[in-house]
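**Q** Spelled out, the chains give:
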Amino acid sequence: MHIHAFGRGALAVAACTLTLGMGLRAQQPPAAAPTSSPSSSDVGIPITSQAVRSACGSCHRPDDKGQMSRISFQRNTPEGWQDTIKRMVALNGVKLDPAVGREVVKYLSDNLGLAPEEARNAAYEAERRVVVDESQFATEELKGLCNACHSLGRVISQRRTRSEWDLLIAMHRGWYPLVDRQVFRRMGPAPRDRGPDGRPPDTRHPSEKAIDYLSKAYPFETPEWASWSATKRSPRIEGTWALSGYEVGKGPVFGRVVIAAVPNAPDEFTTETTFTYAKTGEQVKRTGRTMIYTGFQWRGRSTTGAADAPVYREVMFVDRDWRGIDGRWFTGGYDEIGMDVQLRRAGADTTLLGVDRSGLKKGGAGQTVKIYAMNAPATVQPGDLDLGPGVSVTAASVANDVITTTVSVADSATVGPRDIVIAGAVRPGALVVYDKVDHIRVAPDWNLARTGGVNYPKMYAAFDAVAYMNGPDKRPNTADDVRIDVVDATWSMEEYTATLDDDDIKFVGGVDAKTGMFTPNIEGPNENRSGQRNNIGDVWVVATYNADGTPLKGRAHLLVSPPVYMRFDPSVISR
Amino acid sequence: MKHLNAINRKAQRVETVTAASAVPAEGSAAGDVVALQQQGGQPPQQPEGPHIPPGCSIVVSPGWEADRTGGTAGLCQPVERDLFDCHMGCYWPAQVPDQLNHAPDWTAKCAAAQKDWRKIDLVFPG
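Each protein sequence line maps, in turn, to chains A and B. With the numbering used here, the residue at position 419 of the first sequence is 419, and numbering never jumps. With the numbering used here, the residue at position 123 of the second sequence is 698, and numbering never jumps.
Okay, chain B solo, but in the shape it has when bound:
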């Protein structure tokens, strides 16, 4: 990096953040910035141990609760924007009621989840 100079604002912000994170805070590990593309491994500042909730998909990336890095920055947001697609496609059958079997009328009270999300029911199958 020492031969590269930031020439636009975004690059300058990257320099600022990386320079700041090079000095670890008291009681914290060094390096507090995690790039999204740094997938396939644990972000460096996380303590050892599992960070993916059991039952959360890391295979169908991103997962419901966590993305592949164990964080939330890569998740589909807001969930209401895609919720009915998950419902229709049985995409997250353990987290979202599926239209095919358990809850064919789940969306009946709610035409657009992003506006009417207060009308979405919690489903207890059976």
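The shape of chain A in the complex, shown without the other chains:
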């Protein structure tokens, strides 16, 4: 039996129940009972969809203005609406045909959704990113409440009236009674003393503070939504798009996506994607299908067609001008494997997408650089290319939109970034002339993996080794460091010593010496480990790079965790 700060286990729960009774007397009274109907001043969004009315109307009866209780007073991302519907099915006895469910999610996302400006900050939630810094959203009012159990991304991808925020917290307290004790109630009595500034203390209950904050920071009515809902329409994005992307561990990808409209379905599209991993030359073809929600939220999936190939889910953001689309494509047991993707509408002009390597060594001859383009010129001579001062092109050829060049960098060249110019197209800062690699860093500098392989999927973790120059201050890890390129390194692990005789490194799994991909060990108690501990732990993932004979090391903190036994997966929508 392990008993922690608040106690776990039967004994602890019993103790908790006792202290709950005593605690209630000691602490301030609980927050006022939430209202069961919206404030009379709230103006909701009328629901005109027959599908929504018949699926939800038996409980959420429409009023004479067509407003449905709860539903009309909140706005959500497609994932948010889907989660709500799933909860209604799981816990409230709703029976819904999947096709009707999809129609309901579509209608609600389109008509009670988020404006692009509102959704942008919360995009990481739907994109299922692992390494995320949420500190900018973790204000004093929210920290320790919502993110005690789930990401703040779930919170900031919603907009509600004040009474709806109130009811949301009430819902949590109803379904998960211990949560009330764990996070929503302050332990002990409300503060009585004046603050250092002489002002009376803030005696609001923590959940009241949160409601006050949320209803101001994430309100139901906003100018952004008023503007977007007035102009929103089905995007016309059919055509050819240039793709540039990046996958940690595998490097840059370049290619194209041909988007075709599905007849009689204005928000649905099919995709034909081809791209190349620039480092290895591996070519990939994928076909997919996507739905656009709220006029800009791309939710798709694609496959190579091979039976064992993973399906990639696509969560992207269509720019307001319909000229750019960006987001993340991902797969894996925890959506942890994937690439950042940018699509740019292809015109008739030449567009430079990127390069296979960005670092050019000063004083080096015969360095090959592949430049990936859209509509590359039919022929390219060395003189057609301008790679900046001190960099001369000695050979150039073009095939299949890839310009292969051989360059020499003068001994006298100044170190720093260089633009690529060809046929009127410019790629700023695509190359970096360097004299020597001063230090390397591992990116991301921390990561998460999960044990699995028996009952639960493994969660993998990928890393890159990035070479840097120290910059003018000649010191590593400062703001003026110059990023050179992602480099090939030898990968290993070191113990992250947190206790005496720490031995996590023997159990957590292993990192591939060549690719830097970490594979965790299986879940479950390990009989060979003291206390039958799981194969969890934290270690350093170390990259060693050979810089002209000098080994340079960089490292990242890797947390290897147990599985998650409950999956509120917000991205099933694209399945």
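Hints were generated in silico from the structure; no laboratory data involved. Take the hints with a grain of salt, since some may be wrong.
To be verified - Chain B is nowhere near these chain A residues, computed Cβ spacing over 12 Å in every case:
no., residue
1, I237
2, R301
3, T351
4, D504
5, G531
6, D548
Unchecked claim - As a list, the in silico DSS-like pairs of lysine-lysine whose alpha-carbon atoms are at most 25 Å apart:
no., chain 1, residue 1, chain 2, residue 2
7, B, K585, A, K506
8, A, K361, A, K279
9, B, K690, A, K506
10, A, K506, A, K279
11, A, K436, A, K362
12, A, K250, A, K514
All figures in this text were calculated on a predicted structure; none of them were measured in a lab. Glycine included, C-beta positions come from ideal geometry on N, C-alpha and C.
Fit chain B to the supplied structure of chain A, relying on the hints for placement.
**A** Same frame as chain A, but now just chain B:
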């Protein structure tokens, strides 16, 4: 510390480890030992930046994925030992199925999680 002498084995091990960590390895920051009681701040060798996965509790210490230092040394181990208590008490409702609402029969196939953990299901609510 210079006036204190280690008189038992544990104290001698502490001296050995702290002396070794005082010499930083190539490419690493100094001081590789983090005491568990050094809570409330980031362990000194961690690079700047977040180390707590979003959605992992650091309030109800220890969290599901990370303890208060951002590591794993303070976690309840093995998880199977306490898993059903989390289940019954709705203790980690975002990580473990709760008996109260979502998965009343979650433990049906498995009398003791620490022995029968292979029978524990992954739950997708709804």
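**Q** So, for every hint listed, does it hold in this structure?
**A** Do the hints match the structure? See the list:
With a closest Cβ-Cβ approach of about 31 Å to chain B, I237/A is found to remain outside the 12 Å limit, as its non-interface label requires. The Cβ of R301/A sits about 17 Å from the closest Cβ of chain B, beyond the 12 Å cut-off, so the non-interface label holds. For T351/A, the shortest C-beta to C-beta distance to chain B comes to about 34 Å, beyond the 12 Å cut-off, and the non-interface label holds. Against the 12 Å criterion, D504/A falls within the reach of chain B, whose nearest CB is about 7 Å from its own CB.
Non-interface call for G531/A relative to chain B: violated, since the shortest CB-CB distance, roughly 6 Å, does not exceed 12 Å. Annotated as non-interface, D548/A keeps its C-beta farther than 12 Å from every C-beta of chain B; the closest such distance is 16 Å. Between K585/B and K506/A the alpha-carbon distance is near 23 Å, which keeps this suggested pair within the 25 Å criterion. Pair hint K361/A plus K279/A holds up; C-alpha atoms about 18 Å apart against a cutoff of 25 Å.
The suggested pairing of K690/B with K506/A holds, with an alpha-carbon distance near 23 Å, which does not exceed 25 Å. With a C-alpha separation of about 32 Å, the suggested pair K506/A and K279/A falls outside the 25 Å cut-off, and the hint is violated. As the CA atoms of K436/A and K362/A are separated by approximately 8 Å, the hinted pair is consistent with the 25 Å bound. With a C-alpha separation of about 11 Å, the suggested pair K250/A and K514/A falls inside the 25 Å cut-off, and the hint holds.
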